[in-house]
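Visitor: So the protein sequences, as listed, match chains D and F. Counting from 1, one number per residue, gives the positions in the first sequence under the numbering used here. Counting from 1001, one number per residue, gives the positions in the second sequence under the numbering used here.
In short, the hints are calculated from the structure, not lab data. Heads up, a few of these hints could be off.
Computed spacing ranges between beta-carbons, pair by pair [unchecked claim]: (1) D:N304 / F:D1315: 43 to 49 Å; (2) D:S182 / F:V1371: 27 to 33 Å; (3) F:E1356 / D:P199: 30 to 36 Å; (4) D:N304 / F:R1322: 32 to 38 Å; (5) D:K181 / F:G1063: 21 to 27 Å; (6) F:H1088 / D:K23: 53 to 59 Å; (7) F:A1373 / D:S182: 35 to 41 Å.
DSS-like cross-link-like pairs, simulated, lysine-lysine; straight-line CA separation at most 30 Å [said to hold, decoys possible]: (8) D:K23 / D:K100; (9) D:K46 / D:K181; (10) D:K16 / D:K33; (11) F:K1292 / F:K1321; (12) F:K1292 / F:K1221; (13) F:K1290 / D:K33; (14) F:K1321 / F:K1087; (15) F:K1292 / D:K33; (16) D:K33 / F:K1221.
Everything numeric in this text was worked out from a predicted model, so none of it was measured. Glycine included, every Cβ here is placed at the ideal spot set by N, Cα and C.
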Amino acid sequence: MTALTMAKALNEGLRKAMEDDPKVLIMGEDVGKLGGVFRVTDGLQKDFGEDRVIDTPLAESGIIGTAVGLAIRGYRPVCEIQFDGFVFPGFDQIVSQVAKMYNRSAGLVRMPITIRIPFGGGIGAVEHHSESPEAYFAHTAGLKVVACSNPSDAYWMIQQSIASDDPIVFFEPKRRYHAAKSELDPEPYPLHQARVVRPGRDVTLLAYGPMVAMALESAAAAAEDGRELEVIDLRSISPLDMPSVIESVERTGRLIVVHEAPHSFGVGAEIAARVQEQAFYSLEAPVLRVSGYDTPYPPSRLENEWLPNIDRILDAVEQSLGY
Amino acid sequence: MTEHVRAVQPEPDMVQLLTPEGQRVEHPDYPLDITDEQIAALYRDLVLVRRIDTEAIALQRQGELGLWASLLGQEAAQVGAGRALRKHDMAFPTYREHGVAWCRDVDPMSLLGLFRGTNLGGFNPHEHNFNMYTIVIGAQTLHATGYAMGVVRDGAVGTGDPERDTAVLAFFGDGASSQGDVNEAFVFAAAGNLPVVFFCQNNQWAISEPVTTQSRVPLYKRASGFGFPGMRIDGNDVLASLAVTRKALDDARNAQGPTLIEAFTYRMNPHTTNDDTRRYRLGSEAETWKLKDPIARVKAYLLREAKISADFFTDLEQESKRLAEHIRAGCRALPDPTPESVFEHVHVDMPNELREQRDDFAAFVSSIEEVSA
Ligand SMILES: Cc1ncc(C[n+]2csc(CCOP(=O)(O)OP(=O)(O)O)c2C)c(N)n1
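Sequences are here, hints too, so could you generate the full structure?
Guide: This is how it looks when you write it as structure tokens:
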């Protein structure tokens, strides 16, 4: 098989899902002729038609709200939100309708909706185009939240999400869309399972989405100093695969969570809480977070410093080892 | 679904006071008393805002700006509307209203920080009664409506005192007309009979989506369903834009309530410097619109009908060059944000924990600067 970029892998995954199930629809702004602003849906409207790949009016509440109705009618909508910062006009529909319908109907109405959101920064964009809003969704009962970090996962995870009968908010690290190409794994890995992407024994680095590549680079740099960092790609933010995390922490005794999202009340906080509940006696140091700061996403001229980077991750490694 | 319903209404009448050939025409509802000197002044605005746009695009190409949203083709709509405002009126732009900013005396440099990535807005809306740019589509129409609610509560409408009566002008695009926020703004404005004018630049495209994706009826007709007047103007005609906006703002100030103006125009350039129009529209479309250029028609009028000296045009050329130089030099000189600045103004009262983060961040940035120095 040939190597693909993440954008192309998602495109192939979407294509496969549409071929496999005629109920799968794609809807969003500019997803048709343009193929999406990142070209993830490139060519799909041409091949599947305007009634399966729908350029919607410019209204996110409309996109999500009509997806709810389509789901009630038996369809499997895949909604594209153009950028992270533009999900909020649709937030009410996601939190109050998509997330709750199954529960309110006592299990009679399912919401097999996938909400794709390009997220994260590092592309020099203007405001609202670089945010990491995953915690809002993970905090909402009834939603599942995943993030892919590489082309193969992108290909398989998007298909698994579309096939899921639960609604899934699917985060795509936009700065990785056209980064490295890689081959696709022949088989999918379970959707809600974390994966060790680099084994090590000194400190565990836990990351997802765009920060997996950063964690791997940091581990490579640390190896030059004789530090063996284990890197876990979380993949699923909600539900969390705690057994995999705990297993690693029991071996290394040290955990650092890395995310672009702001520091407080985020995914890192949840993981830290659970690790101290579940592996207290294995910990050699407090769980640390390397994250964005508790500010709005900064002007792009400062984003590379504001975002977690190798320097900040390695500082945290030293801090962890210093306990 | 495959058989998409396209706009079913015939092309409606639109207000035009200056034809593409540069002929003045009268409209019974919009008499415009204007001297040739005043038309020449509008011409100057049009030429200079196009120059700002051209320079910004060039700066983006040179890597000095991260992005630029071009106004090419929309100069007349913006300058007409901008010049219809009085000093104490308030305007709420999208991210493309560089021409309105110009008319409000906002230094073009104040607009560039957002696109260069040195700030997130960064100018005082009260200084020129021009709000910061809003990127989240449609949100500003509600802000304009709320501002108009405040104007009413302050007793600043319908007094007959031109120094006191105030109107609000809200800009948005054809794509934005689909957003809930915009429709809610219409509802609030109608319910409160508010002094707000909704100015929609229908430039035919919302990135790759034609206006027919948003609406089956001409957009100005939406107003009647909300209970206020709507009209369409030739958006490439600066005189029509001036006259119709002036009338709508007068109505607003006189407590006659809101108006929707649809300026029928065309986005000549890609959506932003990141966009590629070849994927979704034919180049011939722009060629057709070129014949309706907003600047050429004013020039034709001035050369043929008005006694404007040749010096005016050469002086303007010089002024345009100086403005370009100001933008080029000023853009490169825009100060980079300091690490501390990211933490300033997050809260009025900075929490201690944020202060600690600020100090950590500043120390981190200076440590890497030392290493690289
Ligand atoms: C809420 C929201 N959704 C999506 C976007 C992405 N986006 C930026 S501009 C744009 C099209 C806007 O079209 P229109 O309102 O016609 O204005 P124009 O850009 O043509 O001036 C879109 C979809 C956004 N900025 N905000």
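Visitor: Holds or violated: K1292 (chain F) with K33 (chain D), Cα cutoff 30 Å?
Guide: Cα-Cα ~27 Å, so holds.
Visitor: Can you tell me whether the CB distance of S182 (chain D) to V1371 (chain F) sits inside 27 to 33 Å?
Guide: Given a distance of about 32 Å, which is inside 27 to 33 Å, the answer is holds.
Visitor: Quick check on a hinted range of 32 to 38 Å for N304 (chain D) and R1322 (chain F), using CB atoms only.
Guide: holds (35 Å)
Visitor: For the pair supplied as a hint, K33 (chain D) and K1221 (chain F), confirm whether the alpha-carbon distance does not exceed 30 Å.
Guide: holds (28 Å)
Visitor: Under the criterion that the straight-line Cα-Cα distance not exceed 30 Å, is the pair K1292 (chain F), K1321 (chain F) satisfied?
Guide: holds (25 Å)
Visitor: Can you confirm whether the C-alpha distance between K1290 (chain F) and K33 (chain D) stays at or below 30 Å?
Guide: holds (24 Å)
Visitor: Would you check the hint for K1321 (chain F) and K1087 (chain F), treating anything up to 30 Å between C-alpha atoms as holding?
Guide: Holds, at roughly 28 Å.
Visitor: Keeping to a limit of 30 Å between CA atoms, is the pair of K16 (chain D) and K33 (chain D) held or broken?
Guide: holds (19 Å)
Visitor: With respect to the beta-carbon atoms only, verify the hint that N304 (chain D) and D1315 (chain F) lie 43 to 49 Å apart.
Guide: At roughly 45 Å between Cβ atoms, D1315 (chain F) and N304 (chain D) fall inside 43 to 49 Å, so the hint holds.
Visitor: Would the hint linking K46 (chain D) and K181 (chain D) be met if the CA-CA limit is 30 Å?
Guide: holds (25 Å)
Visitor: For the hint 53 to 59 Å, verify it against the beta carbon of H1088 (chain F) and that of K23 (chain D).
Guide: Given about 57 Å between the Cβ atoms, the range holds.
Visitor: Can you confirm whether the C-alpha distance between K1292 (chain F) and K1221 (chain F) stays at or below 30 Å?
Guide: holds (24 Å)
In summary, the structure agrees with every hint in the numbered list given earlier.
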